[in-house]
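**Student:** Taking the hints into account, I'd like the entire structure generated from these sequences.
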Amino acid sequence: MPKPFRFAVQAYRPDSGAAWRELARQVEDLGFSTLHTSDHYLGPGPVSEATGHRPVTLAPVPAMAVAAEVTSTLRIGCRMFCVGYHHAYVLAKEIATLAELSGGRTEVGLGAGWPRAEYEAMGLAFPSPGERVTHLAEFLQMVRDFLAGRPAATNGKHVQVRDMSPLPLLPASPPLMVGGGAPRVLRLAGAQADIVSINFNNRSGVIGADSVASSGHPETVQKLGWVREGAGERYKELELEFAAYFLAVEGGATTEAQLTAMTGLSGEDLRAFPHALVGSVDAVCEELERRRTVYGFSYVTIGDRSIKAFAPVVGRLAGR
1 MPKPFRFAVQ
11 AYRPDSGAAW
21 RELARQVEDL
31 GFSTLHTSDH
41 YLGPGPVSEA
51 TGHRPVTLAP
61 VPAMAVAAEV
71 TSTLRIGCRM
81 FCVGYHHAYV
91 LAKEIATLAE
101 LSGGRTEVGL
111 GAGWPRAEYE
121 AMGLAFPSPG
131 ERVTHLAEFL
141 QMVRDFLAGR
151 PAATNGKHVQ
161 VRDMSPLPLL
171 PASPPLMVGG
181 GAPRVLRLAG
191 AQADIVSINF
201 NNRSGVIGAD
211 SVASSGHPET
221 VQKLGWVREG
231 AGERYKELEL
241 EFAAYFLAVE
251 GGATTEAQLT
261 AMTGLSGEDL
271 RAFPHALVGS
281 VDAVCEELER
291 RRTVYGFSYV
301 TIGDRSIKAF
311 APVVGRLAGR
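Take the sequence shown: its position 9, counting from 1, is numbered 9 in my numbering, and each next residue is one higher.
Hints in this document: simulated from the structure, not taken from any laboratory.
Check each hint, because a few of them may be wrong.
[Claimed, not checked] Below, a list of computed lysine-lysine pairs in the DSSO-like style, where the Cα atoms sit at most 27 Å apart: (1) LYS308 <-> LYS3; (2) LYS3 <-> LYS236; (3) LYS93 <-> LYS157.
[Claimed, not checked] Computed Cβ-Cβ distance ranges for the label pairs, DEER-style: (4) PRO151 <-> MET262: 47 to 53 Å; (5) GLU286 <-> SER165: 47 to 53 Å; (6) ARG290 <-> GLY315: 18 to 24 Å; (7) VAL90 <-> HIS217: 37 to 43 Å; (8) ALA213 <-> TYR85: 25 to 31 Å; (9) SER128 <-> GLY17: 37 to 43 Å.
Glycine included, each C-beta is placed from N, C-alpha and C at the ideal position.
**Tutor:** So this is what it looks like as structure tokens:
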């Protein structure tokens with residue numbers, strides 16, 4: 001049996017605290033499962049432009065807390081916390097606190113980190129891809145232990161903690177998402193995560209043409225194979241997620257022609273691209289059903305620019 005569809009919004013630049021609160025309420029009212037923040041810190045300017053990522057207004061943890069406070073059923077997440085920006089035990093306690101205060105509505109993504117320019121602008125070393133994944137593996141184990149209520153003691157290369165007993169103790173651990181686009185991180189996700197996000201391979205530290213080239217149909221099938229290798233028998237338990245970074249639904253703010261300019265893809269190539277959704281509500285629903293059959297994707301994240309236009313898709317497919 002395929003897993004039921006659910007949908008998330010990832011928000012980047014609310015104009016104010018009031019706008020953030022209103023967005024959270026709107027996302028909940030439209031039937032989305034989750035509102036995700038993003039763990040990036042640069043404002044507009046040349047450094048941000050060098051990453052290829054949109055500037056992000058709000059820091060994730062306080063934004064998650066506020067969104068949880070003004071909603072009652074919406075799950076609140078971060079897609080993804082970059083482990084290189086945080087202390088593992090401190091972030092684990094913050095996640096557990098959010099889960100306790102929200103009544104268990106927290107959902108957490110962890111990633112190895114990728115924007116070289118952001119690391120360097122904040123005075124952080126930008127390790128090799130292998131070192132970043134090693135850090136993620138140690139960080140993930142620490143967070144899993146904390147959220148499960150297990151005493152923390154580790155002496156890894158990147159994460160060292162001793163004689164710590166976690167509080168608050170949670171009745172159930174929040175689901176953990178791990179994402180990426182390279183073999184080792186996806187095998188780790190398959191082995192350890194509850195949700196696996198199939199993403200671009202951004203090992204170069206920049207979003208660009210290579211990101212799109214790393215994410216077509218054959219590459220996506222290969223990525224899922226790496227997840228399966230890591231997961232083994234638990235593969236069928238995993239929830240598989242993708243982000244529709246390139247979205248042009250009828251009535252939305254972005255056109256198909258604009259997506260072609262962004263990606264270099266057009267026509268059926270664009271419509272079938274695993275990180276694009278293009279066309280009428282009927283066409284998008286049909287494509288999502290196809291992707292669930294072909295890839296197993298049941299969890300879909302969109303940006304915050306087209307949530308009203310996308311809402312009929314949510315209304316038709318969520319929970320099915």
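**Student:** Hint by hint, work out which the structure violates, then give me just those numbers in ascending order.
**Tutor:** Going through the list in order, the structure violates no hint and respects every one.
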